[in-house]
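S.K.: When we follow the working numbering, the leftmost residue of the sequence shown carries the number 136, and every step to the right adds one.
Don't read these hints as lab results, they were simulated from the structure.
Wrong hints could be hidden among the right ones.
[Unchecked claim] Pairs of lysine-lysine residues, derived as DSS-like cross-links and limited to a Cα-Cα distance of at most 30 Å, are as follows:
no.	residue 1	residue 2
1	K167	K201
2	K188	K201
3	K188	K167
[Unchecked claim] Have a look at the derived ranges for each label pair, beta carbon to beta carbon:
no.	residue 1	residue 2	range
4	S138	D212	32 to 38 Å
5	T211	L154	27 to 33 Å
6	A184	S138	16 to 22 Å
7	T160	D212	27 to 33 Å
8	A172	E204	39 to 45 Å
We put the beta carbon where it would ideally sit given N, CA and C, even for glycine.
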Amino acid sequence: GASPRAAIAIAEAARAHALVAGRPTAGFEDVKAIAPAVLNHRILLNYQARFDKTDTTTVVSELLAKLDETGLKLPTDVALEPAA
Numbered sequence: 136g137a138s139p140r141a142a143i144a145i146a147e148a149a150r151a152h153a154l155v156a157g158r159p160t161a162g163f164e165d166v167k168a169i170a171p172a173v174l175n176h177r178i179l180l181n182y183q184a185r186f187d188k189t190d191t192t193t194v195v196s197e198l199l200a201k202l203d204e205t206g207l208k209l210p211t212d213v214a215l216e217p218a219a
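Build out the structure end to end from the sequences listed, making use of the hints.
M.R.: Next comes the structure, spelled out in structure tokens:
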């Protein structure tokens, strides 16, 4: 796995990406944009992955695709009701 320094690098790079794009704060779209560049050299594949011809770019892309972008999924026992 990636080290704690990788999390710091992702946060800093995402902020920089947002600023270059003219936004004052970073969002998940910035994390998605920079994650491969930050993580590719920090992830070590096991022998099975190498044998299967898997590369780190694919691993990072698959992980990003599985993440909930909003992080705001409600628990199953909570229901939304329309405003009155």
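S.K.: Work down the list of hints and note, for each, if the structure agrees.
M.R.: Hint by hint, here is what the structure shows:
1. As the CA atoms of K167 and K201 are separated by approximately 12 Å, the hinted pair is consistent with the 30 Å bound.
2. For a cut-off of 30 Å, the pair hint linking K188 to K201 stands: about 21 Å separates their Cα positions.
3. Taking the CA atoms of K188 and K167, the gap is about 23 Å. The hint holds against a cut of 30 Å.
4. The hint said 32 to 38 Å for the Cβ distance between S138 and D212, and at roughly 37 Å that hint holds.
5. In this structure the supplied range 27 to 33 Å is violated for T211 paired with L154, their Cβ-Cβ distance being about 38 Å.
6. At about 19 Å, the CB distance of A184 to S138 agrees with the hint of 16 to 22 Å.
7. Between T160 and D212 the CB atoms are about 32 Å apart, so this pair conforms to the stated range of 27 to 33 Å.
8. For A172 and E204, the Cβ-Cβ distance of about 19 Å falls outside the hinted range of 39 to 45 Å, so the restraint is violated.
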